[in-house]
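Sequences listed follow chains A and B, in order. The numbering used here applies: residue 1 is where the first sequence begins, and numbers increase by one. The numbering used here applies: residue 369 is where the second sequence begins, and numbers increase by one.
Note that these hints are calculated values from the structure, not bench results. You can trust all of the hints, since none of them are fake.
Simulated crosslink set (SDA-like; lysine to any residue; CA at most 20 Å straight-line): (1) A:165 - A:222; (2) A:139 - B:387; (3) A:96 - A:60; (4) B:398 - A:271; (5) B:398 - A:242.
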Amino acid sequence: MAAAAATLPLTSLPVRAGQIEEAKAGLNLFSYQERDGRIGVLAPTAWVQAPVARDIDLEARMTFDSVAGASPQYVSNEGGNIVHTLSSASIREWRKEGMLKATRWIGDDSVTLGADVSSEHDYLSQTLSADAKFEFLNKNVTWAVGASVTGDAIGFTGFPAIQGKRTTRALFTGITQLLSPTDILQSNLAYSNGRGYFNDYYEYTVSFLGRRAFLHRDQRPDSRRSVSWLTRWKHYVPDLAAALGVDYRYYQDSWGIRSHMAEASWHQPLSSTWAVRPVVRYYTQNAADFYATTFAFSSGVGSSDSRLAAFGAVTLALNFSARLGDRDTLEMGAGRYVQRASWRSGGGSPDLPRFDASYAMLGWTRSF
Amino acid sequence: MSRHCLLILALLALAGCANVEPWQRGYLAKPEMAFDPNPATAVQMQHMYASKEAASGGYGVGGGGCGCN
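Just chain B, with the same shape it has in the complex (with noise of 0.2 Å):
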């Protein structure tokens, strides 16, 4: 686990040294770049597998319980 905390930091902390600039920014601000276009569904999606596996979380806070799970 410690391994592989280091290894994303490092990645993080090189990624770091990168500068896109605002007029380069025009393919990443397209709809399917967005790590969730359709908010909706991804909170669906998770509901699902949080109900039939044990991890779950990571995606940021809020949401609320379920007695499926």
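In isolation and in its complexed conformation, chain A is listed as follows (with noise of 0.2 Å):
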């Protein structure tokens, strides 16, 4: 194995350092449904990336989510108890998603043009993108340095004369470093400035304070600043002929969120054709310094979105890849998401629901 390590061709070389060598397409279907009748979606992907002339690289995504179910709308503490209660209408609703990028080598370095649109029937979002890698000591460290400015109008249905915008500008830079003959490091520090419309406008809370009650509207604060840290951990053992990856990310904002995620996976070959990869993911967050399940009528800004509460949550896939010939791969998996309040180290948020979702893909793979 490691005679026939040494023997590959310079042009294989990882952390992408050079143009790429061979055009790939893809479909993917992807599929996910969460439990007591809500959300379900439905995703099909195509995508394709190419090299188009001598140094300049292609990418293209198109995709298109399909959404039915119910989605929490209102929350109450009628009874004593908080109660979190679906939508009673069922929504159905179509996203379409597209993405292009046009990569342009100069030597081993490049520079990344890219745009970004998704259109829902009351919500669109334009991101324009552009990053540069640059090369350094022997490709054996690439430095990566991006920014990007998305623009997001947002509808609300039965009310066309309502909308709201939102401005988020994103800056992000990252180091690939080999470690090793068998190792690889990432680390990404990524910044984040949104200003404009953040609320949800169908979500509301009824209080029941004494003998009043009170309607409380989805109110959050009118910029978020974030910064996301991620890194990233590839390690190859050859006598297994496997592959472990460990990803670690720490994220806050500047509406009290702290967040850490960790991420194992393990990829192993069963035969010549087949290989399964397990995945496990632990997810904690804090809540949001205006969450609130309960309001009383002078409250400003407060929101009981279950998204801006305290918990944990675990994911559990397996995933399974074969190699149909030289130039053919198809993957299949499912996994299962799971949040529990109590799963958040030092306890989530009382009353939070339990909240339970699965989801499976398949894709295909086609190298030219």
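Each of the two chains sits in its own frame; use the hints to bring them together as a complex.
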């Protein structure tokens, strides 16, 4: 194995130090279903990446989401207990997303320009991005730096005259470092600054305080600054022909949220055709400063959105892949995602409902 | 936070001393050693998490917003 590895051509270097060697295209089907009749999503995706000139690569992706089910609409303490109530009307919505990126290679370094548009009947998001990658130290180190700006236009079903707008500017930098013939480390730092409309117009809270009831519509600050710091490590185990992946992300934002995410995966070939990759992920966050489940009449900024509560979450997934000949790869996988307030170290938000979801994916990739 | 930053920066600085020659990179070039072997799957997973959790980001620039979050 070592001898074979040593004779690999330099054109197959990792960390993508160089132009794409061959065109690839793929189709993916992603299915997601929440328990208790909540949201279900079916999302087919088509993508392609290819060299189109001697020093230019193109990458394109198109996704079409079909969303159906009911989402949480209001939180109430009527009867003494906090109850999260689903929307009485079952929704059916579609989302289209298109992405295009062009990369120009200048020696071993590269500059990429990208555009992304996501469209729903009441939401339009448009992003422009630019990033550059530079190779150092005999391609042992890759430094990436980038920036993006996103403009979101938020509409409201039944109220066509109302529209919220939000602009988010983001900066990104990261280093990918070869540690040894079997180890790669990547560490990325991202900063995001959003200004504008962050409320969820469809969510509200009904608070019964004494003999009076108060209605509070979801209201959040009109700015959000966040920092994400992601570190990823890949380790190859030659004796088992296996690959270990470990990711850790720390996140904090101006809404008072701090979160930790850790994920581990193990890629194990089962035969010359099949491989299995189990994944385990743990996520935890504390609550936003303005998260609450009851509000007095005078309340200003406040939200009972469970995504802003304190909780822990676990993902368990199992993925299989098969190499079919020299050009085709088939992937399939399934996973379960579960949130519990009690799974947060130190305790989560009381009265947060249990949340369970499962997902499955099927993918096909062809090299040309 | 600042202590964590210093620790990672120190690790990266130490890592910078390593020098892996081109002919030693056979294992690193294997598809399973890519951080995201299938970019479409990676995007879908990040999209799912971003719709159910408050935190996101760190994987790169670009990517559109969504009414789901």
